[in-house]
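A.B. asks: Sequence:
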Amino acid sequence: MSGHGDPIPMMSQRGPALCGEAHVPGDKSISHRSLILGAMAVGETMIEGLLEGQDVLDTAKAMRAFGAEVTDHGQGRWSVHGVGVGGFAEPAGVIDCGNSGTGVRLIMGAMATTPITVTFTGDASLCSRPMGRVTDPLALFGAKAEGREGGRLPMTITGAKEPMPVRYTVPVPSAQVKSAVLLAGLGAPGQTVVIEQEATRDHTERMLAGFGAEITVEESDEGRVITLTGQPELRPQHIVVPRDPSSAAFPVCAALIAEGSDVLVPNIGLNPTRAGLFETLREMGADLTYENPREEGGEPVADLRAKFSPDMKGIEVPPARAASMIDEYPVLSVVAAFAQGPTVMRGVKELRVKESDRIDAMAQGLRAAGVEVEEGEDWWIVHGRGHGNVPGGATAESRLDHRIAMSFLVMGLATTEPMRVDDGGPIATSFPVFEPLMTGLGARVARA
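In terms of the numbering used here, the sequence shown opens at residue 1 and continues consecutively.
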C-alpha cells in the first residue's frame with residue numbers, strides 16, 4: 001500500500017470467524033519520539049520494533065536531513081547516532097512530513113530553539129491542518145513562522161537565536177502541542193513549564209526522563225504541571241517499542257463484531273493515557289481481557305484477548321476520557337453501530353481537525369450504511385442497531401485518512417452487505433501490514 005499516489009479501492013464482507021494472533025506494528029507515538037530524541041542525544045540510540053509505516057519513515061528521513069545518522073538494520077531494528085541538543089544542521093531541502101501531524105509538530109518543536117531555518121510541507125491532508133496551535137507557543141521561545149493563510153503548510157520556521165524558557169498552559173488537550181513545547185524547551189536555558197488541565201498521552205515525559213533529562217510532573221490546582229530543565233546532554237538509549245494500541249484497536253474491534261471470533265493481540269502498550277478505548281469497550285459489555293500484564297521499557301504492556309460480543313450496549317463515553325482515545329473514536333463508532341441503543345461521545349472537537357474531519361467522515365459513511373447518527377461541533381451520537389441489523393452496502397470516502405479507511409473495512413466484516421472504501425492507500429501511513437494481518441485472521445478484506 002502507498003499513502004501517496006493513485007487511489008486503492010478496497011472492500012470487506014462477512015466471512016468466517018476471526019481467529020489467531022494479531023501481531024500489530026510498533027507504537028507510532030513512541031516510534032516518532034524515539035527517532036527525534038535519539039537524534040538529539042549524544043551517541044548511538046538503538047531502537048527495536050520501530051513502526052515502519054510511512055509517517056515514521058518520513059520522520060527518520062527528516063532526522064537524517066538535520067544531520068543525524070539514521071540506519072535501518074532490518075526487521076524493525078534501527079540505530080540513530082545523534083547530534084546533541086542544539087546540534088541540528090540546517091536541512092538542504094524541504095522537510096516533507098507526508099501525512100503525519102505528530103511528526104511535523106514534534107519536529108517543529110525540536111528545531112525551534114536552534115538558529116536554523118526549515119521549510120515544512122506534507123500531503124494534501126496535512127497541508128489542510130492548522131499549525132498555529134504549535135507555532136504560537138514556539139513563538140514564545142523566539143521562533144518565527146511563516147505559512148499559508150490560517151497557519152497551514154507549507155511553512156517556514158526560523159529557530160530562536162537566543163531562546164527563552166517559557167511557561168505555557170496548553171489551551172486544549174493535545175499531546176502534540178505539549179510535546180512540541182517540551183522538545184523546544186530542551187534547547188532553552190532554565191526551566192520550561194507546561195501545564196495541561198487534562199492529562200494527555202505522556203510518552204514524551206517518560207522518554208525524556210529515560211534519555212536523562214531533568215523533568216518533573218506534579219498535580220496542582222492549575223492542572224498537571226510539567227517542569228523541564230533545558231540544555232541537558234541527553235544519553236543514548238536502547239528502546240524496545242511496544243505494539244501500538246491505536247493499531248490494536250482494529251483487530252480487537254473486528255473480533256468483537258464478527259460472529260464467533262476469538263483473537264489475541266500480543267504485547268500491546270497499555271499506558272493509561274492511551275487505553276481509553278479498551279476501558280470503554282469493556283463498559284459496553286465487550287468480552288475483552290488483559291493477559292500476562294507486565295512492564296517493558298517503562299510502559300505497561302499486556303496481551304489483549306477479544307471475543308465476539310453480540311450483547312454490547314451503547315453508553316455515554318465520559319468526556320474526560322477523550323484525550324486517552326481520541327484516535328480510536330472512528331472505530332468505536334463502528335462498534336457502536338452493532339451495539340444496542342445510543343453511544344454518546346462528547347468533548348471530541350479535536351476530531352474535526354485530524355487527518356480529516358473525522359466526525360463528519362464517519363457520520364456520512366455510517367448513514368450511508370444504514371446507521372442513524374446525530375452530530376454537533378464537539379459531540380456525536382451513534383444509534384446502535386444491534387448485531388445482525390446493520391445493512392452496509394455503501395462506499396465510504398477515506399478522505400486521505402488511514403483510520404477512516406480501516407474503520408469502514410472493519411465494519412464490513414459484520415454488515416449484511418459488503419462495505420467499500422474509495423481509497424485504502426493512506427493505511428500505509430500507520431499500519432502497512434493491515435491487509436495481510438486481517439486476512440491472516442480470516443477476514444475477507446481485499447482490494448476492489
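It is worth saying that the hints were derived from the structure and are not from the lab.
Built from N, CA and C at the ideal position, the CB exists for glycine as well.
Fair warning: there could be bad hints in the mix.
Cβ pair distances, simulated, as ranges [stated by the list, open to error]:
| # | residue 1 | residue 2 | range |
| --- | --- | --- | --- |
| 1 | ASP262 | GLY223 | 22 to 30 Å |
| 2 | MET164 | TRP379 | 36 to 44 Å |
| 3 | GLY67 | ASN389 | 52 to 60 Å |
| 4 | ASN389 | GLU44 | 40 to 48 Å |
| 5 | GLU146 | ARG352 | 45 to 53 Å |
| 6 | THR71 | GLU296 | 20 to 28 Å |
| 7 | ASN292 | GLU259 | 37 to 45 Å |
| 8 | ASP262 | GLY388 | 32 to 40 Å |
| 9 | GLY298 | GLY43 | 39 to 47 Å |
| 10 | THR289 | THR395 | 32 to 40 Å |
| 11 | GLN197 | GLU69 | 35 to 43 Å |
| 12 | THR227 | GLY298 | 15 to 23 Å |
| 13 | GLU69 | TRP379 | 25 to 33 Å |
| 14 | GLU214 | GLU296 | 36 to 44 Å |
No farther apart than 30 Å at their CA atoms in a straight line, the calculated lysine-lysine pairs in the DSS-like style are these [said to hold, decoys possible]:
| # | residue 1 | residue 2 |
| --- | --- | --- |
| 15 | LYS144 | LYS313 |
| 16 | LYS313 | LYS349 |
| 17 | LYS61 | LYS144 |
| 18 | LYS313 | LYS161 |
A.B. asks: If a hint holds in the structure, say so; if it doesn't, say that too.
C.D. replies: We went through each hint and held it up to the structure:
Remark: the range hint 22 to 30 Å for ASP262 to GLY223 is contradicted by a beta-carbon distance near 42 Å. For the hinted restraint 36 to 44 Å between MET164 and TRP379, the CB-CB distance of approximately 39 Å keeps it satisfied. Distance hint check for GLY67 and ASN389: the Cβ-Cβ separation is about 57 Å, which falls inside the suggested range of 52 to 60 Å. Taking 40 to 48 Å as the suggested C-beta distance range, the pair ASN389 and GLU44 does not conform, at roughly 56 Å.
At roughly 25 Å, the beta-carbon separation of GLU146 and ARG352 lies outside the given 45 to 53 Å, and the hint is violated. The supplied range of 20 to 28 Å is met by THR71 and GLU296, whose beta-carbon atoms lie about 23 Å from each other. Separated by about 27 Å at the C-beta atoms, ASN292 and GLU259 break the suggested range of 37 to 45 Å. For ASP262 paired with GLY388, a C-beta distance near 19 Å fails the hint of 32 to 40 Å.
Taken as a hint, the range 39 to 47 Å is violated for the pair GLY298 and GLY43, whose Cβ atoms sit roughly 20 Å apart. At about 35 Å, the beta-carbon gap between THR289 and THR395 stays in the expected band of 32 to 40 Å. In this structure, GLN197 and GLU69 meet the distance hint of 35 to 43 Å, their C-beta atoms being roughly 40 Å apart. Remark: the range hint 15 to 23 Å for THR227 to GLY298 is upheld by a beta-carbon distance near 19 Å.
A hinted range of 25 to 33 Å for the beta carbons of GLU69 and TRP379 is inconsistent with their spacing of about 47 Å. Taking 36 to 44 Å as the suggested C-beta distance range, the pair GLU214 and GLU296 does not conform, at roughly 24 Å. With a C-alpha separation of about 50 Å, the suggested pair LYS144 and LYS313 falls outside the 30 Å cut-off, and the hint is violated. With a CA separation close to 24 Å, the supplied pair LYS313 and LYS349 stays within the 30 Å bound.
Taken as a hint, the LYS61 and LYS144 pair is honoured in the structure, with Cα atoms around 23 Å apart against an allowance of 30 Å. The hinted pair formed by LYS313 and LYS161 fails the criterion: a straight-line CA distance of about 56 Å is larger than 30 Å.
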